[in-house]
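Let chain A serve as the given structure and place chain B on it in line with the hints.
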Amino acid sequence: MTLALYVPRQSAVHRVPAGGKLLALAVLAVVLFAVPTLPVAAAGLLGVLLVGLGAARLPAASLARQARTVRWWLAGLFVFHALFSDLPTAAVTVLRLLALVLAAAVVTATTRVTEMVAVIEWLCAPLRVFGVRPARIGLVIAMALRFIPVLAERADRIREAQAARGGSARGLRGVRTTVTPLLVQLLQMAHTISEALDARGADDEPPARGRRSPVTAA
Amino acid sequence: MRFRRSDPEPEARADPTRGIELRGVSHRYGDRPVLADLDLHLTEPRIGIVGANGSGKSTFARLLNGLVVPTDGHVLVDGLDTRTSVRAVRRRVGFVFQDPDAQIVHPTVAEDAAYGLENQGVPAPERAERVTEVLARYGLDGHADHPAHLLSGGQKQLLAIAGVLVMRPARVVFDEPTTLLDLINARRIARVIDELEQQVVVVTHQLDLLEHFDRVLVIDGGRVVEDAAPRPAIAAYRALMEGR
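For the protein sequence lines, the chains are A and B, in the order given.
Residue numbers in the first sequence follow this note's numbering, run continuously in steps of one, and reach 246 at the last position.
Residue numbers in the second sequence follow this note's numbering, run continuously in steps of one, and reach 914 at the last position.
Same shape as in the complex, but just chain A:
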């Protein structure tokens, strides 16, 4: 499993601050849903493709991969609306959802996780009055993105180990025999991760600073 979200490029889209891209994404969503017409939906999709493939120079395959992951949902929605509404409504629904999915993919492919996390931390800053640590929320999001593929890999290893001994991962028993050892591994791993965070100063208090800046190794 791969979760390669960021595609490094030297483009104007990459240089736009994460907050600006997220705002543009929100505006696009509002416009697409506030003006549910075929020309607007088609223009939205075309615009996203121009920005993603043209301005940001993202590989077409990365956007196609995102589109493939939602193709059955889109197909289902199209059929549903074609049957219970009409064809133009079905087309608008599918086009605007596809435009939004691809727009989100463009934002994540052109924005480093640390930049995204910085925006989330900034948005969560008012929660400090309730004792919430915005930096912790950011760390949790970054760690979730980091560990999803690791967990998938561990689950694959467990399934392979069972298959090598004639076991099967199918059915309810398969779920149980995969989930139980996976949970045990995750708990052990969580303990080591907490130690690693401690060892790298997760509880330190840095000197006063502004918003986190993205890390760019030259």
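Hints should not be assumed to be uniformly reliable.
Claimed, not checked - A partial selection of chain B residues facing chain A, derived with a Cβ cut-off under 8 Å:
#, residue
1, H711
2, T754
3, R757
4, R761
5, D771
6, P777
7, G786
8, Y808
9, G833
10, Q868
Unchecked claim - Examples of chain B residues lying across from chain A (beta carbon under 10 Å, computed):
#, residue
11, N723
12, I774
13, E788
14, A818
As the list claims (entries may be wrong) - Derived list of chain A stretches under chain B, where covered just means 3 residues or more per stretch with a C-beta under 8 Å from a C-beta of chain B:
#, region
15, 136-142
16, 166-177
17, 223-229
These are calculated hints, taken from the structure and not from any lab test.
The structure presented is a predicted model; accordingly, all values stated were derived computationally and were not measured.
Heads up, the beta-carbon is just placed ideally off N, CA and C, and yes, glycines get one too.
For chain B alone, coordinates are given in the frame of chain A:
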């Protein structure tokens, strides 16, 4: 950001000439004793720790930077007690874990290398400079924006080491750093350890890694049963294992 406030004083009190001292250290998990009656002074640049599985090696390693605080006795790093000055101790003692997958906490290589520096409050320009330098030193400069989970096992371990060394600790503890690696990568990590300027403590089963070390401790049943130069210590360890 609200963090628990660290005491700036311990850094001023630190005396780098004192090394790592264990005074009457014992440790137990619940009712199970893991380490007993350790009195050691670790000042040599290269120190190896060997022992059978379950002998207490990893707990010993974790004592050295305050990840584990002993149930009895004191561990002092440069004169700082891990019980009372744990953050200052952790800044002085880096720790590299056996499994890099459990140590890399950010999605991309450069972001993960920068994590410890963020916690130290290092300004962004210096952070970027130090990350670039450390990634180049370990051959990861071409992978800065790559997802960490797509690195090879050896590269992940190098990233884990880079993420610790970028914080510039005075001492580094390695807990079985080559166990999950093939021969080529194990040699590569051995070279990296060999070239470090810092004091290094390595827990390992790979005995040839310790050939040029200054001192090797053999731990068995929670006690140091041999404390000598590599050759006699490793011979004693082999003899101990052959008797089982």
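Hint check results:
no., hint, in the structure
1, H711, "23 Å, violated"
2, T754, "15 Å, violated"
3, R757, "6 Å, holds"
4, R761, "7 Å, holds"
5, D771, "5 Å, holds"
6, P777, "5 Å, holds"
7, G786, "4 Å, holds"
8, Y808, "12 Å, violated"
9, G833, "7 Å, holds"
10, Q868, "15 Å, violated"
11, N723, "15 Å, violated"
12, I774, "7 Å, holds"
13, E788, "7 Å, holds"
14, A818, "7 Å, holds"
15, 136-142, "holds (count 3)"
16, 166-177, "holds (count 6)"
17, 223-229, "holds (count 7)"
Checked against the numbered hints given earlier, this structure breaks hints 1, 2, 8, 10, 11; the rest are met.
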